[in-house]
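Could you build the full structure based on these sequences and the hints that come with them?
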Amino acid sequence: CYNRAAKYEPKITRQVRAMAKRAGMDMAGMENRIKSRNSYLKKIQRKYGPGFQGYEVKDILRYTYTAPAEELAEKVLKTMELYLESGYDTVEIKNYWLDRQSPYKGINTTLRSPEGQIFELQYHTPESFSLKDVEMHTLYEKARLQDKNSEERLKLEDEMFSLSDKLIPPKGIERLK
330 CYNRAAKYEP KITRQVRAMA KRAGMDMAGM ENRIKSRNSY LKKIQRKYGP
380 GFQGYEVKDI LRYTYTAPAE ELAEKVLKTM ELYLESGYDT VEIKNYWLDR
430 QSPYKGINTT LRSPEGQIFE LQYHTPESFS LKDVEMHTLY EKARLQDKNS
480 EERLKLEDEM FSLSDKLIPP KGIERLK
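Residue numbers (the working numbering): 330 to 506.
The hints are simulated quantities; they were obtained by calculation from the structure and are not laboratory data. Treat the hints with care, since some could be wrong.
Stated by the list, open to error - Quick list of in silico lysine-lysine cross-link-like pairs, DSS-like style, CA-CA up to 25 Å: (1) Lys387 with Lys371; (2) Lys477 with Lys500; (3) Lys372 with Lys404; (4) Lys506 with Lys350; (5) Lys495 with Lys506; (6) Lys506 with Lys371; (7) Lys371 with Lys495; (8) Lys387 with Lys364; (9) Lys372 with Lys387; (10) Lys372 with Lys336; (11) Lys371 with Lys350; (12) Lys364 with Lys423; (13) Lys471 with Lys372; (14) Lys407 with Lys350; (15) Lys404 with Lys495; (16) Lys387 with Lys471; (17) Lys484 with Lys506; (18) Lys484 with Lys495.
Unchecked claim - Label pairs and their in silico Cβ distance ranges: (19) Gln374 with Glu444: 23 to 29 Å; (20) Ser415 with Lys471: 36 to 42 Å; (21) Tyr469 with Gln374: 15 to 21 Å.
No residue lacks a Cβ here, since even glycine has one placed at the ideal position from N, Cα and C.
And the structure:
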């Protein structure tokens, strides 16, 4: 899976950049567009038991588009349409802006290229991306090392919710399900 994704990365990256331009979206986090091999292997170990063959890590290749809160929903819909017209299938949409159980705020989509390569495309406001990429990432990494019901993990989760509660939900975000 990893080697196949690495093979298709240059072509998908070119497409993602071209689509951002066509849709009027900004790009962020390009330095993280391909998950490290070590991170990939750790994710497989964490999510799947030994000998399990049916796994697919959907975010080996991952990209982020950003747009202001008042434009994000409209631009996401336009971008999804452009991808469809180009032979890319959006196979999953997770709108975390509507998820009250998660402190993370963004829209995560999984796409399949015409060659069958899966990749993740996230949509954020500049504010939600900055929060996710800096403060929330550090807290998330600490929290996931804790026991699910530990006092420390609950404290870290409360801190993440406090931070994300300050974000203004994008206009029309409920249209993206």
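Hint check results:
1. For a cut-off of 25 Å, the pair hint linking Lys387 to Lys371 stands: about 14 Å separates their Cα positions.
2. A hinted pair counts as satisfied when its Cα atoms are at most 25 Å apart, and Lys477 with Lys500 does not qualify at roughly 34 Å.
3. Between Lys372 and Lys404, the direct Cα distance comes to roughly 31 Å. Violation of the 25 Å bound is thereby established for this hinted pair.
4. Between Lys506 and Lys350 the CA atoms are separated by roughly 24 Å; this keeps the pair inside 25 Å, and the hint holds.
5. At roughly 22 Å between alpha-carbon atoms, Lys495 and Lys506 fall within 25 Å of each other, so this suggested pair holds.
6. Between the alpha carbons of Lys506 and Lys371 the distance comes to roughly 30 Å, so the proposed pair goes past 25 Å and is violated.
7. For a cut-off of 25 Å, the pair hint linking Lys371 to Lys495 is broken: about 32 Å separates their Cα positions.
8. Under the criterion of a C-alpha separation no larger than 25 Å, the hint pairing Lys387 with Lys364 is consistent with the structure, at around 10 Å.
9. Annotation: proposed proximity of Lys372 to Lys387 holds, straight-line Cα distance about 11 Å (limit 25 Å).
10. For a cut-off of 25 Å, the pair hint linking Lys372 to Lys336 stands: about 20 Å separates their Cα positions.
11. Using a Cα cut-off of 25 Å, the hinted pair Lys371 and Lys350 is violated, with the two alpha carbons roughly 34 Å apart.
12. At most 25 Å may separate the alpha-carbon atoms for a hinted pair to count; Lys364 and Lys423 meet this at roughly 20 Å.
13. Annotation: proposed proximity of Lys471 to Lys372 holds, straight-line Cα distance about 16 Å (limit 25 Å).
14. Simply put, Lys407 and Lys350 have alpha-carbon atoms about 12 Å apart, close enough for the 25 Å limit, and the pair holds.
15. Our distance criterion of 25 Å between C-alpha atoms is met by Lys404 and Lys495, whose separation comes to about 23 Å.
16. At most 25 Å may separate the alpha-carbon atoms for a hinted pair to count; Lys387 and Lys471 meet this at roughly 23 Å.
17. Among the hinted pairs, Lys484 with Lys506 is inconsistent with the structure: their alpha-carbon atoms are about 30 Å apart, more than 25 Å.
18. This hinted pair checks out: Lys484 and Lys495 have alpha carbons roughly 18 Å apart, not beyond 25 Å.
19. Distance hint check: the CB atoms of Gln374 and Glu444 are about 27 Å apart, consistent with the given range 23 to 29 Å.
20. A beta carbon spacing of about 40 Å between Ser415 and Lys471 agrees with the range 36 to 42 Å that was offered as a hint.
21. Range check, Tyr469 to Gln374: Cβ separation about 18 Å, and the 15 to 21 Å hint holds.
Taken one by one, the earlier hints fail for this structure at numbers 2, 3, 6, 7, 11, 17, listed in ascending order.
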